[in-house]
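Chemist: Residues per chain are reported as follows:
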Amino acid sequence: MQPTAPDAASASVDKAAVPVPAPPAVRGPRSRTTTAYLRYGAGKAGGAAVSLLAVLVTGFFLFRLIPGDPVKTMTGGRQVSAQQLAAYRKEFGLDLPLWQQFTDYCGKALTGDLGTSYQFHTPVIDKITEALPNTLLLTGTAFVLYTALGMFLGTRSAWRRGGLGDRLNTGLALTLYSVPSFWLGLLIIIVFGVGLGPVPGLFPTGGMESGGKEGFAYVLDVAHHLVLPVITLVAVEYGQTLLVTRSALLDEMGSDYLTTARAKGLRDDLVRRRHAVPNALLPTVTLVFVNLGRTVAGVILVETVFSWPGLGGLFYQALSVPDLPLVQGLFLFFASAVIVMNTLADLLYPLLDPRVGR
Amino acid sequence: MSTQDQYGTRRSHPRIPRPRTLRLVATAGAVALTFSAGLATPLNPAPQRAEAAGGKKVLTVAVAQSVDSLSPFLAVRLVSTSILRLTYEYLTDYDPGDAHPVPGLATKWAPSADKLTWTYTIRSDAKWSDGQKVTAQDAAWTFNKMMTDQAAATANGSFVGNFRKVTAPSPTKLVVELKKPQATMTALDVPIVPEHVWKNVSDLSKFNNDKSFPIVGDGPFVLTDYKADSYVRLKANKDFWRGAPKFDELVFKYYKDQDAAVAALRKGEVSFVAGQPALTPAQATSLKGQKDIKVNDAPGRRFYALATNPGARAKNGRKFGDGDPSLLDQRVRNALFMAVDRKTLIDKVFQGHAVEGQGYIPPRFSTYFWKPSASQTLSYDPTKAGQLLDQAGYKKKADGKRVGKDGKPLHYRVLCHATDPNDKAVGQYLKEWWAGLGIGMTLDCLDNVTDPWLAGKYDLAFDGWSVNPDPDFVLSIHTCAALPATPKDTGATDNFICDKTYDELYAKQLAEYDSAKRADIVQQMESRLYDLGYMNVMAYPNAVEAYRTDQIQSIETMPRAAGNIYGQDGYWSWWSAVPADSDSSSGGSSTGVIVGVVAGVVVLAGAGFLFARRRGATADDRE
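Chains as they are written, first to last, in numbering that gives the first Met the number 0: chain A, 0 to 357; chain B, 0 to 622.
The reader is advised that the hints may include incorrect statements.
Below 27 Å or equal to it, Euclidean Cα-Cα: the simulated DSSO-like pairs (lysine-lysine) are [what the hints assert, rightly or not]:
#: 1; chain 1: A; residue 1: Lys89; chain 2: B; residue 2: Lys314
#: 2; chain 1: A; residue 1: Lys107; chain 2: B; residue 2: Lys342
#: 3; chain 1: B; residue 1: Lys430; chain 2: B; residue 2: Lys342
#: 4; chain 1: A; residue 1: Lys43; chain 2: A; residue 2: Lys107
#: 5; chain 1: A; residue 1: Lys71; chain 2: B; residue 2: Lys314
What follows is a set of in silico ranges between Cβ atoms, one per label pair, in the way DEER data are often shown [what the hints assert, rightly or not]:
#: 6; chain 1: A; residue 1: Gly196; chain 2: B; residue 2: Val577; range: 28 to 38 Å
#: 7; chain 1: B; residue 1: Ile476; chain 2: A; residue 2: Thr102; range: 35 to 45 Å
#: 8; chain 1: B; residue 1: Pro420; chain 2: A; residue 2: Ala336; range: 49 to 59 Å
#: 9; chain 1: B; residue 1: Gln131; chain 2: A; residue 2: Thr128; range: 40 to 50 Å
The set of hints was computed from the structure by calculation and includes no laboratory data. Note that beta-carbon positions come from the ideal geometry of N, C-alpha and C, so glycine has one too.
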C-alpha cells in the first residue's frame with residue numbers, strides 16, 4: 000500500500016535532501032493521475048460490461064444443456080392433454096426456434112424483464128425482489144460480523160504468531176471452516192433451538208418470522224429468528240478472513256518500516272494498528288468484496304437448514320424443475336452482483352495503493 | 000519508496016477500516032446477538048404454541064414444499080391443493096371412514112337413464128366468507144371457465160375433458176352433460192370458486208390469488224395471510240356449513256429441512272410434522288416414546304413399484320427408446336420379480352414402516368384393493384426364477400452369467416431417483432439378488448429421471464404413485480390412449496404399457512355406474528396388470544407422521560380406523576382437530592430466562608472489558 004503524502008517528519012527530511020519542486024503546470028501530476036485513474040476505471044468498467052454480456056449468453060445456453068424438457072418435467076405425473084402441452088410451450092416461448100428464444104431473452108433481459116417462472120406463474124424479477132431482502136438480511140448481517148471477527152482475530156493471530164492464542168485461533172478457524180455448514184446448523188438448532196441438557200432452547204428452530212406480528216414486535220421477531228443462522232454462517236465463514244488477514248500481515252511483519260516505527264518508541268499496539276494492518280489490507284479487501292458479491296447469492300445449505308426464505312433456496316427450487324426463466328434470471332443476478340463487486344474492488348485498489356493502475 | 004512514506008498511509012486514507020472500527024462493529028454485533036438472546040425467553044417464551052397470545056388456539060403444521068400458486072385453476076402441488084381443499088368446497092367429499100362419496104356443496108346427485116347427464120342439488124345453507132350465498136351458478140361458472148379457458152384448465156382440466164355442457168337452471172340445481180358415460184362424476188376434485196370474485200380476473204394464467212387477503216372462500220378455513228416459503232395462515236370459518244373448526248387458526252409453517260421440522264416438534268414450535276412423504280425410520284424411532292408426542296405410523300396411500308420398459312411406443316405405432324428386448328418376454332419379467340424378496344425390503348429398507356406389495360391399489364382403499372390368489376402369486380423363489388430364465392432361453396454360461404439372444408450378457412439399467420434413499424437401498428439389494436440369477440445391473444440414479452423415462456431410455460425404473468379414493472387416474476396411465484401421439488410428444492402414460500384386454504376393462508369400468516360392479520372390473524384390471532408383469536408392486540410405504548398431544552387432543556385420520564393425517568382426501572384432519580386443554584408448557588422457560596440473562600451478562604462483560612482495554616491503550620498513546 001502506498002501513501003500519497005508523507006508525514007511531517009519525513010517531509011522535513013525530504014526538504015533538506017532535494018530542491019523545492021517547481022509549481023505544478025496547468026496539467027500537473029494530479030491531472031495525470033486523475034486521467035490515468037479514469038483510463039484504468041474505464042478499462043475495468045469495459046471488462047465488467049463484457050463479462051456481463053458473457054454471463055447473459057452463457058446463462059441462456061448453459062441451462063439449456065440440462066437434460067429434460069421443462070414442460071414435460073413440469074407436467075410429469077399429471078394428466079395433460081396434447082393441447083395443454085402445446086399451450087404451455089407457446090406461453091413460455093418454447094415453441095420458437097432457439098435463435099429466436101435467445102434474441103427474445105437478450106432483448107427482454109436488457110429491459111429488466113427476466114421472464115415468467117414456469118412453476119410459480121410469477122415474473123422472475125418479482126420472485127427475486129421478494130427473496131432478496133431476506134437473503135441480504137441474513138448474509139449481510141453475517142458478512143459484517145464474520146468480516147469484523149475474521150480481521151480482528153487474524154490481526155491478533157499474526158501479531159502474536161506461534162503463541163497459544165494464535166494456535167487456538169487458527170486451529171479453531173480451520174476446523175470451523177472445514178465443517179459442513181448444514182451439519183453445524185443442525186447441531187446449533189439442537190443445542191440452542193431445542194435445548195440440550197441444561198441448555199434450554201433459546202431461539203426458534205427455523206424460519207424468518209412467526210407471522211402475525213407488526214411494527215417493533217415484527218423487528219424483534221425477525222431478529223430473534225436471525226440469531227442462529229447468523230451464528231452458523233459466521234462460524235463457517237470467519238476463518239477465511241482470519242487466515243487471509245493473518246497471512247497478509249505476516250508478510251508485512253519483517254518490514255523495515257515496522258522496525259523504524261518501533262524504534263521511534265511507538266507502542267506495539269499502535270505499530271500494529273496504524274502501520275502494519277493498513278499496509279496488509281489489500282488481499283483482505285479483495286476477499287471482502289468477493290464475499291460481498293456472494294452475499295446476494297444466498298447460502299443454499301444454511302438457508303435450507305434454517306428454512307430461511309432467501310435466494311439460495313429459490314435457486315435450488317428453480318434448478319430442480321428446471322424452471323429455466325428463474326434459473327437464468329438468478330444466474331444473471333448472482334453473476335452480475337459478483338462482477339459489480341469485483342469491479343468496485345478494482346476501482347478501489349488504486350485509491351489504496353497508487354501503484355495499481357499505473 | 001521510503002519507510003517514512005509508509006507512515007503516511009493512515010492519514011491519507013482515513014476510510015480504511017481500522018481495528019478500532021472493527022472492534023466496535025464486532026462488539027455491536029455481540030451486543031445485538033445478546034439482546035436478541037435476551038428476547039428469546041422473557042418476551043417470546045415459546046413461539047407458535049397451540050395457545051397463542053390472546054387465548055387463540057393455533058394449530059401449526061410444518062411443511063416443506065413451496066406453494067406454486069394459490070389459484071385453484073393453477074395449483075398442482077400437494078401443499079397448495081391441500082390448502083385449497085380447506086378454503087374452497089368441492090361438489091362432493093370423501094367419507095373419512097372408507098372414502099365413499101358424501102355430500103359437499105352438492106347434497107344429492109343422480110345420473111340420467113342414458114348415463115350422459117348428471118344433476119346435482121346444490122345446498123342452500125352455504126355462504127362465501129364475504130357473506131354472499133353459494134349457488135349452482137358458481138359451480139357452473141367454474142366448470143365453464145375450465146372448459147373454455149386454457150389457463151383455467153391448467154390444474155384440473157382433465158376433470159372436464161369429457162364434459163359437453165354445464166348449466167345452472169336454478170340456484171340449487173347444477174346440470175352436467177357428458178360426451179360419454181363417466182363413473183367418476185362423484186369424484187370431481189375441483190374447487191368451486193365464487194363467480195362474483197373470479198369473473199373480474201382478466202388473465203387466469205398469471206393470477207396467483209396470493210395478494211389480497213382474506214381470500215373469499217367457503218371451506219372450513221379462510222386464508223388470511225401468506226408469505227412465500229415462510230407461512231400460510233388460515234382462520235377458522237365460523238359460518239362453515241358443516242360446523243366451525245375447533246382451532247381458531249391453522250398455520251402452515253415452513254421447515255425446508257425435515258430434521259429441523261422434527262426439532263421444532265420436539266420443542267413445541269409446531270403441532271404436527273409429516274414427511275416428504277414420510278418421516279424417516281430414524282426420525283420416527285427417535286420420536287417414539289417422547290413425552291407429549293404421538294407418532295402416527297399409518298398405512299399409506301402410495302405404492303412403490305419396479306416398472307419394466309415394455310418397449311416404448313407412440314400411438315402412431317412408432318417404436319422408440321432402447322429398452323432391453325429380453326424384457327418383452329413375460330417369463331423374464333416374472334423371473335426378475337420372483338428374485339425380489341419383498342419381506343427383506345420391508346424389514347431392512349423400510350424398517351417395518353411399510354407393507355409388502357401385492358396388487359396395484361393399496362389396501363387402505365378396500366373397495367378396490369386386490370391381491371393375487373395363491374396360484375397366481377409370484378412369490379420370492381430364486382430357484383424357480385432361474386428355471387423360468389432357462390425356459391426363456393437365457394441359460395447360465397460357465398462363468399455364471401446369462402447371455403441374451405445376441406450373445407451378450409444380460410445387464411439391465413435401473414432408473415432411480417437420486418433424492419430417494421429408498422431407491423438406492425433397494426437397488427443394492429436388487430443388484431445382489433439378480434447377480435445370483437446371473438444378471439448384471441447398473442443403478443442409474445438421477446436428479447431428473449423424467450427425461451430418460453419419457454424417451455424410453457431405460458430397462459427398469461423405480462415407480463410410485465399416490466392413489467386417490469377413485470382409482471381412475473392411476474388406472475388410466477396404463478391405457479393405450481395414454482401413449483404419446485408421436486415419439487416427439489408427451490403422453491399421459493406411466494411407462495408405455497398398452498394392452499388390449501386392459502383397455503377394454505378400463506372402458507367398461509368407466510361406464511359402470513354400479514359401484515360394486517365397477518370395483519369388480521377394477522380388480523380384474525389389477526389382476527391383468529399383475530400377470531403382465533410390467534409392474535412389480537414391492538411395497539406400500541406407510542405415512543409416518545407425528546404430532547404433539549399437549550397441543551392436539553384428538554384428530555381424525557383417514558381412513559378413520561387407521562389412517563394418515565396430512566394430505567387427506569378432504570379437510571377432515573384439520574377441521575376435526577380438537578385443541579388440548581393443557582397449558583402447553585414445555586418447561587425450561589424459567590431456565591431459559593436464567594441462562595439467557597447469564598449469557599447476556601457474560602457477553603456484555605466481555606464487551607466492557609474490550610472497551611476498557613481500548614481506553615487504557617489510548618491513554619498510553621497520549622503519554
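Chemist: Between Lys430/B and Lys342/B, does the CA-CA distance stay at or below 27 Å?
Modeler: 16 Å, holds
Chemist: Given the hinted pair Lys107/A and Lys342/B, is their Cα-Cα distance within 27 Å?
Modeler: 57 Å, violated
Chemist: Starting from the hint 40 to 50 Å, judge whether the C-beta atoms of Gln131/B and Thr128/A obey it.
Modeler: 35 Å, violated
Chemist: Using the beta carbons of Gly196/A and Val577/B, state whether their distance is inside 28 to 38 Å or not.
Modeler: 34 Å, holds
Chemist: Has the given pair, Lys89/A with Lys314/B, been kept, meaning a C-alpha gap of at most 27 Å?
Modeler: 23 Å, holds
Chemist: Could one say that the CB atoms of Pro420/B and Ala336/A fall in the range 49 to 59 Å?
Modeler: 35 Å, violated
Chemist: Between Lys71/A and Lys314/B, does the CA-CA distance stay at or below 27 Å?
Modeler: 18 Å, holds
Chemist: CB of Ile476/B to CB of Thr102/A, is that within 35 to 45 Å?
Modeler: The hint (35 to 45 Å, Cβ to Cβ) holds, given that Ile476/B and Thr102/A are roughly 39 Å apart.
Chemist: Are the Cα positions of Lys43/A and Lys107/A separated by 27 Å at most?
Modeler: Judged against 27 Å, a Cα distance of about 26 Å means the pair holds.
Hint compliance for this structure: hints 2, 8 and 9 are not met, and every other hint is.
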